[in-house]
Amino acid sequence: MRRVLSVFAALASLAATPALAAEGGPLPEHHWSFQGLFGTFDRPAAVRGLQVYTDVCAGCHSLSLVAYRNLADLGLSEDAIKALAATATVADGPNDQGEMFDRPGRPADHFVKPFPNDQAARAANNGALPPDLSLIVKARVGGPDYLYGLMTGYEEPPADFKLFSGMNYNKVFPGHQIAMPQPLSDGAVTYADGTEATLDQMAQDVTTFLAWTSEPELEARKRMGVKVILFLLVLSGLLYAWKRKVWAEVH
Amino acid sequence: MAAPAFSNPIVRWIDHRLPIFSFMHHEMHEYPTPKNLNYFWNFGSLAGFMLITMIVTGIVLAMHYTPHASLAFQSVERIMRDVNYGWLVRYLHMNGASFFFIVTYIHIFRGLYYGSYKTPRELLWMLGVVILLLMMATAFMGYVLPWGQMSFWGATVITNFFTAIPIVGDAITTWLWGGYSVDNATLNRFFSLHYLLPFVILAVVGVHVMALHRHGSNNPLGIDMKGPQDSISFHPYYTVKDYFGIAVFLLFYAGFVFFAPNFFGEPDNYIAANPLSTPPHIVPEWYFLPFYAILRAVPDLWIIDAKLAGVIAMFGSIILLFFLPWLDHSPVRSARFRPAYRFFFWVLVLACLVLGWVGANSPDASFHGVPFLWIGRIATSYYFLHFLVILPILGYVEKPKPLPLSISEPVLKRTAYGAKTMEKA
Ligand code: HEM
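Sequence lines, in order, name chains A and B.
Start counting the first sequence at 66; every next residue gets the next number (the numbering used here).
Start counting the second sequence at 463; every next residue gets the next number (the numbering used here).
Honestly, the hints are just simulated from the structure, not real lab data.
Note that the coordinates shown come from a computational prediction; the quantities given were computed from them, not determined experimentally.
Just so you know, not all the hints are guaranteed correct.
[As the list claims (entries may be wrong)] Cβ-to-Cβ under 7 Å is the rule here; a few derived chain A residues that face chain B:
#, residue
1, 130
2, 203
3, 283
4, 284
5, 286
6, 295
7, 299
8, 301
9, 305
10, 307
11, 309
12, 311
13, 315
Using N, Cα and C, we set each Cβ at its ideal position, and we do this for glycine too.
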């Protein structure tokens, strides 16, 4: 029945999409290190972002497409990766007694989920489901600007705004009612590298980190892209010269 | 077909028994081609290039992809993250679909402008329309495979249109789904068909090229080749021109693959499919937007309800193209010599662009106070009016400009002029 209803909802949304009603507010414009033709991830920012994720977000959000070993891309040493993985408890098995057992995480494991299943996650969050964050920057209109805006967009609701109980006002979230309580505020983490943990700093750092988890291939892609375009420019020029030469006798 | 004397004895041995080398030589080497083709004639070979690119990248994707409702999304992410250069293969395939359509649409409008659908090329044109329909089916099913939110809800919405068919609609839809909603069974059959159809396209392209080679290419003047002075051999003239065209095309294609790979995509498709949560906007891929606009433009018509009428109009807008060679019965092919047709051609291009824009917007949103619904209705009306009314009338009333006597006549003139300016320089 619920499926049938959602099919109807889909059809209705075809006929009548509330184009603006559901949109959030304007997004802050921000320059990100990974934008542009030659953009790369700001490594120190991404590593600080990892800390924000593990210290704060990981309490509610999974990051299941990322393995601990992938963090080598951000410059973490093998030992640091082993140590981080070992802080997680992974359910494994069955062993040769046929029993499941817990063991410390290994670099090859994916980030362990905070809740065993969606129902448990909802039960712990007032019925709302914290989405997996692995792809979050690619999965939202506005990408990094949206995520940064979301982190810094918590405000007192306007006087005439009807906020439902257990909800929070966020100026960029579509509809402005979000079930996630403000996750970051000044000093929420103590950075290992001594950087001052202001809200703005943490929001930028966690955005850089999650931009990396969304597009870990970005740097390799752009690097290859520059070479491919240069090659094609030369190739086009040569082929054009060849074409002119062959056609000279026709014109 | 005088068999060329091949110097390689193995080639000679084979060719004597299986004349495949003679065939290639005849069709791709000496094949006489009008000497005056412009760069719009590059788009056919570009479409062929894209078809091969899609098949090659698709086969590699299929080696790593898992067509199961609970694994498909993750398997695509594994391709992106864990397969060597998997991101490259996937982005080539994903953006390849868009570029395949860009190239094909330009190829089609080239045909419309220069009257390439007219006798004796009617079947060639109709085979092209078959290819377009097959491409649309292939791309639609391909988009479902990554099993993201847009995949799932796009498939749900589109397949639901079959319920518009009177009496048997529901039964047909259930049969298409293999169940009572879009689900694993649907994903499996879509994968199977998505793998199959490109090869069917390849076969139809083969027949398309056979029909092309019967009478040769049309040309910007739209007049027949009158003798050897009007034509040049396909190789090396057009082979080198096609190579150059492919290199320039690759620059654009690579620009998107490497620097904006998700430009044509929807962020929602990076959220795994969830049958319980409907995204606020369900939009098809950009290349379907004009058809989507037609679908939504049609109101209730007499006893036909809007949904059915919309589906009929949408399919009708393509089926119509099969009859184009007879709807436009002017004996002059090229728009260069048909001033009235040329005007209406550009109105049609505009109407199609407007339809695409309307398709991307909600019908009850409005543009400067004009509801998109009405913009869509006007553009849809023009689309049908163009083919069903304007073209048949133009055939009678339009006075074409005088045609050149032969292809080489204007070409010769230009050479003479070119020679003169060269002398001066
Ligand atoms: C006419 C040629 C083709 C067209 C127009 C086409 C179109 C598409 C499209 C639009 C997608 C979704 C892209 C995405 O968002 O990921 C897709 C995915 C896919 N296609 Fe094709 N395709 C073609 C040929 C093929 C062939 C020949 C194969 C295999 C033999 C293939 C295998 C796949 C697979 C496995 C996927 C899912 C993986 C993915 O989403 O990246 N395709 N196709």
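Here's how the hints hold up against the structure:
1. 130: With a minimum Cβ separation of about 5 Å from chain B (threshold 7 Å), the hint on residue 130(A) holds.
2. 203: Holds - the Cβ of residue 203(A) comes within 7 Å of chain B, reaching about 5 Å at its closest.
3. 283: At about 9 Å, which exceeds the 7 Å cut-off, the nearest Cβ of chain B leaves the hint on residue 283(A) violated.
4. 284: This hint is violated: residue 284(A) lies away from chain B, its Cβ roughly 11 Å from the closest one there, beyond 7 Å.
5. 286: holds, 6 Å
6. 295: Violated - the Cβ of residue 295(A) stays beyond 7 Å from chain B, reaching only about 10 Å at its closest.
7. 299: violated, 9 Å
8. 301: Since the shortest Cβ distance to chain B is 4 Å, the answer is holds.
9. 305: Holds: closest Cβ of chain B sits about 6 Å from residue 305(A), inside 7 Å.
10. 307: Since the shortest Cβ distance to chain B is 6 Å, the answer is holds.
11. 309: violated, 9 Å
12. 311: holds, 5 Å
13. 315: Holds. Min distance 6 Å.
When the structure is compared with the earlier hints, violations turn up for hints 3, 4, 6, 7, 11 and for no others.
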